[in-house]
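A.B. asks: Go by the hints and put chain B onto chain A.
Protein sequence lines, in the order shown, are assigned to chains A and B. Letter 111 of the first sequence, counting from 1, is numbered 111 in full-length UniProt numbering, and no numbers are missing. Letter 26 of the second sequence, counting from 1, is numbered 26 in full-length UniProt numbering, and no numbers are missing.
Treat the hints as calculated values from the structure; they're not laboratory data. Treat the hints with caution; some may be incorrect.
Simulated restraints, written as ranges between beta carbons of each label pair [claimed, not checked]: (1) 28/B with 226/A: 44 to 54 Å; (2) 33/A with 181/B: 26 to 36 Å; (3) 109/B with 289/A: 19 to 29 Å; (4) 181/B with 255/A: 33 to 43 Å.
Even glycine gets a Cβ: it sits at the ideal position worked out from N, Cα and C.
One-letter residues, chain by chain:
There are 2 protein chains.
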Amino acid sequence: MITIKEVAKEAGVSITTVSRVMNNRGYISAETRGKVEGAMKKLNYQPNQLARSFHSKKTFYIGLLIPDVTIPFFTEMTGRIETRLHKQGYKLFLCNAKGRGTDEVQYLNMLFQNKVDGIIIGTHMLKTEDYRAIELPVVALDVTLSDSIPIVSSDHAKGGRLATEEFVRNQCKCVIQLVGDVNIKTPSFIRNNVFSQILKENNIRCINYSMKNSELSRERYYSIAKKIFEEYPQIDGVFSTDLVVANVMKYLLDIGKKIPEDVKIVGYDGGDVAKLMYPSMTYVEQPFDLIADKIVDILLRKINGEKISSSIVLPEIKLVRGMTT
Amino acid sequence: MITIKEVAKEAGVSITTVSRVMNNRGYISAETRGKVEGAMKKLNYQPNQLARSFHSKKTFYIGLLIPDVTIPFFTEMTGRIETRLHKQGYKLFLCNAKGRGTDEVQYLNMLFQNKVDGIIIGTHMLKTEDYRAIELPVVALDVTLSDSIPIVSSDHAKGGRLATEEFVRNQCKCVIQLVGDVNIKTPSFIRNNVFSQILKENNIRCINYSMKNSELSRERYYSIAKKIFEEYPQIDGVFSTDLVVANVMKYLLDIGKKIPEDVKIVGYDGGDVAKLMYPSMTYVEQPFDLIADKIVDILLRKINGEKISSSIVLPEIKLVRGMTT
Numbered sequence: 001m002i003t004i005k006e007v008a009k010e011a012g013v014s015i016t017t018v019s020r021v022m023n024n025r026g027y028i029s030a031e032t033r034g035k036v037e038g039a040m041k042k043l044n045y046q047p048n049q050l051a052r053s054f055h056s057k058k059t060f061y062i063g064l065l066i067p068d069v070t071i072p073f074f075t076e077m078t079g080r081i082e083t084r085l086h087k088q089g090y091k092l093f094l095c096n097a098k099g100r101g102t103d104e105v106q107y108l109n110m111l112f113q114n115k116v117d118g119i120i121i122g123t124h125m126l127k128t129e130d131y132r133a134i135e136l137p138v139v140a141l142d143v144t145l146s147d148s149i150p151i152v153s154s155d156h157a158k159g160g161r162l163a164t165e166e167f168v169r170n171q172c173k174c175v176i177q178l179v180g181d182v183n184i185k186t187p188s189f190i191r192n193n194v195f196s197q198i199l200k201e202n203n204i205r206c207i208n209y210s211m212k213n214s215e216l217s218r219e220r221y222y223s224i225a226k227k228i229f230e231e232y233p234q235i236d237g238v239f240s241t242d243l244v245v246a247n248v249m250k251y252l253l254d255i256g257k258k259i260p261e262d263v264k265i266v267g268y269d270g271g272d273v274a275k276l277m278y279p280s281m282t283y284v285e286q287p288f289d290l291i292a293d294k295i296v297d298i299l300l301r302k303i304n305g306e307k308i309s310s311s312i313v314l315p316e317i318k319l320v321r322g323m324t325t
Numbered sequence: 001m002i003t004i005k006e007v008a009k010e011a012g013v014s015i016t017t018v019s020r021v022m023n024n025r026g027y028i029s030a031e032t033r034g035k036v037e038g039a040m041k042k043l044n045y046q047p048n049q050l051a052r053s054f055h056s057k058k059t060f061y062i063g064l065l066i067p068d069v070t071i072p073f074f075t076e077m078t079g080r081i082e083t084r085l086h087k088q089g090y091k092l093f094l095c096n097a098k099g100r101g102t103d104e105v106q107y108l109n110m111l112f113q114n115k116v117d118g119i120i121i122g123t124h125m126l127k128t129e130d131y132r133a134i135e136l137p138v139v140a141l142d143v144t145l146s147d148s149i150p151i152v153s154s155d156h157a158k159g160g161r162l163a164t165e166e167f168v169r170n171q172c173k174c175v176i177q178l179v180g181d182v183n184i185k186t187p188s189f190i191r192n193n194v195f196s197q198i199l200k201e202n203n204i205r206c207i208n209y210s211m212k213n214s215e216l217s218r219e220r221y222y223s224i225a226k227k228i229f230e231e232y233p234q235i236d237g238v239f240s241t242d243l244v245v246a247n248v249m250k251y252l253l254d255i256g257k258k259i260p261e262d263v264k265i266v267g268y269d270g271g272d273v274a275k276l277m278y279p280s281m282t283y284v285e286q287p288f289d290l291i292a293d294k295i296v297d298i299l300l301r302k303i304n305g306e307k308i309s310s311s312i313v314l315p316e317i318k319l320v321r322g323m324t325t
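If we strip away everything but chain A, and leave its shape as in the complex, we get (with noise of 0.2 Å):
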């Protein structure tokens, strides 16, 4: 096997350059990092990543723990985060926690064995002192875990308070939101409380149903709409995010209700579900891009030992109008 002696020998350069190159750290000339490259390939040389990494005890492995992968908003975001990770020479572990918080410690204990760099994390089932007892680098996607960990969001008030108004603008009288699960701590409900609050102002019904954990899933959220139209027949407004409000949509279709003549629809996210819908969904849309430039920006100048503890909000949330307003 070859060994780094053997690529500085062949490169004539020094082993700690050898090493300075591969750890992507101090001053390197580009013609040196060239040789060192050019050697690298000639002698087909393999970096041991594991045993190098039980060397310097870091490993360029990073841990996102999210709820599930098949949930539109984190498709989104785990796309997004692995392909800046893996620019920066970092690999992704990636835990679908699946709303569990039995998961969420497994996977948590398993991320601290194999020890990691940092972790990313967008789920909470546990309390806030064992958020605060990780000892590693953590950024909090879009969840609420503790004081020291520091959140980036969208600013969820802003795109509620844009979601509202096409309510108010169309005169609806009687409008149903739906949230997730109350339990879990996450900035995205200052927007529900926004929703709530404009509503109020403007003298319009405000329905506030939280679906429970068990109904957070994809196959339930058609029987929820469902549920909710005999329960409430006079709703003329639904507010959601993308694949609940597609459910719904789908629902009111399949019953003969017009769009949006009958009920006016606006869509939280902004995902592919929601640029298919026909008719065109008015939706809020979220800047995934940039909230997983932040999120790993910060995450990597923790790793790097800055002390980052305050929370980015990010304002670049608009709507986008379609037919359904």
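C.D. replies: Then chain B, alone, in the frame of chain A:
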């Protein structure tokens, strides 16, 4: 730091027994396992997976190399594969090769460097001999890599036949099928051949439109729909994967065409998108759960030393008839 020796002492068993429990190897009675796990919990023992795998030569890492986790088929498969691997104690490295050969090589090198125990590959931009040269257990997800690498896929011949019969039954005159990059070898092309063949036998014109690699992005499908209908206004049937035909449906409805009166539509895959469309889409549903079961099963058997090179074709593929045919 707590060592395995202290755990053994606390549990009143040998170090070998603790190791067996940790590695799930050999026969261990429920009582002994309980003792060991109780001692680990009491002492808050955290096995150092990195050190452990450095000595055992097994890492419990699996690489999943796919084009992009945001492509619906791969979203569905990634979620399911990760869940199954996690249950067996394996961790997943997610690699999005983005259809670029350079990224694929880089990711494969990364996986070798990290000494993964096995790789699931669902992309194909390298030469057959490159894949044949991989000395690790590899299973292919719906792509043809080399003779020695088993493929797990649906019965695409049956899927293609089920789809074609919908257009024949509806007496279509001119049907287009939109297919992916024909340079990528995948068993799914069997369905495209079956499709052309059956249409020909029934004297129905079949237009084969092969999307270039650069067109294989979600943003491009709508403009492809526009392009093909401007070039071939006589088209009265469209067949492609869910997301492509969903965009075609959206385009047709936007320009005022009636579905299914003017154009019949059949999707392939049966993911979320297919289930959400209105009018409800007729689609061919792939058995995602079974594909995930089989691919994980074969990979783990290969990791445990079994020689498996024969491929698996899953016949559990079915037509779900909606309102688009």
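A.B. asks: The hint says 44 to 54 Å between residue 28/B and residue 226/A; measuring C-beta to C-beta, is that right?
C.D. replies: holds, 50 Å
A.B. asks: Holds or violated: 26 to 36 Å for the Cβ distance of residue 33/A and residue 181/B?
C.D. replies: holds, 34 Å
A.B. asks: Against the range 33 to 43 Å, how does the distance between the Cβ atoms of residue 181/B and residue 255/A compare: consistent or not?
C.D. replies: Since residue 181/B and residue 255/A have Cβ atoms about 41 Å apart, the given range 33 to 43 Å holds.
A.B. asks: Indicate whether the distance between the beta carbons of residue 109/B and residue 289/A respects the range 19 to 29 Å.
C.D. replies: The hinted range 19 to 29 Å holds for residue 109/B and residue 289/A, with Cβ atoms some 27 Å apart.
Violated hints are absent here; each numbered hint is respected by the structure.
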